[in-house]
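Peer 1: Chains as they are written, first to last, in our numbering: chain L, -10 to 98; chain P, -10 to 98; chain Y, -10 to 98; chain A, -10 to 98.
There may be inaccurate statements among the hints.
When chains are identical, the list treats them as one kind, so a pair holds in a single copy or across two.
[As the list claims (entries may be wrong)] Straight-line Cα separation of at most 27 Å, DSS-like style, residue types lysine-lysine; simulated pairs:
id : residue 1 : residue 2
1  : -2        : 93
2  : 45        : 78
3  : 45        : 93
4  : 69        : 82
5  : 78        : 36
6  : 63        : 36
7  : 69        : 89
8  : 75        : 94
9  : 69        : 94
10 : 63        : 47
11 : -2        : 69
12 : 75        : 87
It is worth saying that the hints were derived from the structure and are not from the lab.
There are 4 protein chains.
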Amino acid sequence: MSDIEEILKELRQFNADRDWDQFHNGKDLAIGLSVEASELLEAFLWKQPEDASLDKIKEELADVLNYAFQMADKYGFDIKQVLLEKLRKNAEKYPVEKAKGSAKKYNEL
Amino acid sequence: MSDIEEILKELRQFNADRDWDQFHNGKDLAIGLSVEASELLEAFLWKQPEDASLDKIKEELADVLNYAFQMADKYGFDIKQVLLEKLRKNAEKYPVEKAKGSAKKYNEL
Amino acid sequence: MSDIEEILKELRQFNADRDWDQFHNGKDLAIGLSVEASELLEAFLWKQPEDASLDKIKEELADVLNYAFQMADKYGFDIKQVLLEKLRKNAEKYPVEKAKGSAKKYNEL
Amino acid sequence: MSDIEEILKELRQFNADRDWDQFHNGKDLAIGLSVEASELLEAFLWKQPEDASLDKIKEELADVLNYAFQMADKYGFDIKQVLLEKLRKNAEKYPVEKAKGSAKKYNEL
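Please build the complete structure, drawing on both the sequences and the hints.
Peer 2: Right, dumping it as C-alpha cells:
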C-alpha cells in the first residue's frame, strides 16, 4: 500500500468511527482548510520567518494536510496525479527561460 | 520510492530548475498556501456545496497541496508521520464515546 | 468630527501608547487581517448560517474592522471615498439589467 | 448623517437595486470577506512590504471593507460602538505597562 493510501485509510476510519462523514460537504471542508491555513499563517505574524515556532508550524501544517487529503478523497481525486498534473501546467505557465530567478506572476513574465 | 517521495522529488526539481528556493521562506510559503486555500473556498461562494465546479476544486486543491508539500519539505517534516501523529492527538481530543455524531469543537464536548 | 475620524483617532492613540507602530508594516497588517477574517469564518464552520454565535461574530468582525481601519490609515486612504469609489466600479461590473437577482460573477454575466 | 451611515445607505441601495439580499446570509458573507482578505494578502506575496502595489492594496482593502460593513449592517451592529468596545477589551488584554514595545500575544505577556 502506498503512503498516501495508508494515510487515507486512517482518515476514513477516523471519520467512520465518529460518524462524521455527514458533516463533510465540500463547502465546510473548504472553510475548515482555510481556517487551518490561517492558523498556520498566524505562526509568522509580526515575526521574521526564522523566528516562528517549529512546533506550531508542524501542528497547523498537519491540520491543513488533514483537510486537504480529506477533500481530495471526498471528490475521488488521486493526490499524486493531481499534484503532478498541476506541476506540468505550472511548467508551461512558468517556462524556465522566462521564470528562472524571478518571483513575478505568470502574467507579468 | 513512495508516492510522497516521488512528488517531493518533482517539486524540488521544479524549484531548482527555476532557482526559486531563494524566495521560499516559511512566511511567504504560508501566505501562498493561505491565498490558494481562499481560491479553493471561492469555488463555493454563494453556492450550495454540490453546485461548485469540480474542475475549479481540483485546480485549487492541487495548488494548496503543492504549497503544503513544499512547506513540509522545507522544514524536513515527514508528511505521513506528521499526519498520523495529528490523527492520534485528535483521537484523544475527540474520543469516539463523546464525539460520535457530533460537530461540536473539543472544548464543547 | 466624523465617526470614522473618531475611530481612527482612538486606534492611533492605542498604538502610540503601546509603541506598536514599529510592527505595523503592510504585510503583517494584511496577515493579521486575514487571520481575523478566518476566525470570523470559523464561527460558521459545520453550521447553518443562523446557528452561528452572534457574540463570536461581533467579536471577530470587530477584529477585522480594527485591522481594516488600521491598514487604510497607514496608507492614507480615505475609507468613505475608497468604499464609494469601489461601489461605483462594481456598479459598472454588475449593471442592474444584467446582475439583478443573479449570484454570477461579473465575467459570467 | 454620519460617514458610516452614508456608506451603509449606499451599500443597502446597491444590494436592493440588484435584489442581492437573498444571497447575503452570514456564512457566505464571511466566506466573501475571507476571500477578499486573501486577495489583499496576495499583494504582498514574495515581496517586501514596501514593494506591494498601492493600487492593488487600495482595491482589495475596499472589497474587505465592503464585506465588513455589509456584515455589520446585516447583524445590526453599530460599527463605531463595536470597534471602540473592542479597543477597550484589547486595552485590558494589553495593558500599556506590559505591552509597550512588545509584539507578544496577550497570553505570552
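Peer 1: If a hint holds in the structure, say so; if it does not, say that too.
Peer 2: Going through the hints against the structure:
no., hint, verdict
1, -2 x 93, "between (39 Å within a copy, 24 Å between copies)"
2, 45 x 78, "between (32 Å within a copy, 14 Å between copies)"
3, 45 x 93, "between (30 Å within a copy, 15 Å between copies)"
4, 69 x 82, "within (20 Å within a copy, 30 Å between copies)"
5, 78 x 36, "between (33 Å within a copy, 24 Å between copies)"
6, 63 x 36, "between (36 Å within a copy, 18 Å between copies)"
7, 69 x 89, "within (25 Å within a copy, 31 Å between copies)"
8, 75 x 94, "both (16 Å within a copy, 25 Å between copies)"
9, 69 x 94, "within (25 Å within a copy, 31 Å between copies)"
10, 63 x 47, "both (24 Å within a copy, 11 Å between copies)"
11, -2 x 69, "both (16 Å within a copy, 12 Å between copies)"
12, 75 x 87, "within (19 Å within a copy, 35 Å between copies)"
Going down the numbered hints, you'll see the structure goes against none, and every one checks out.
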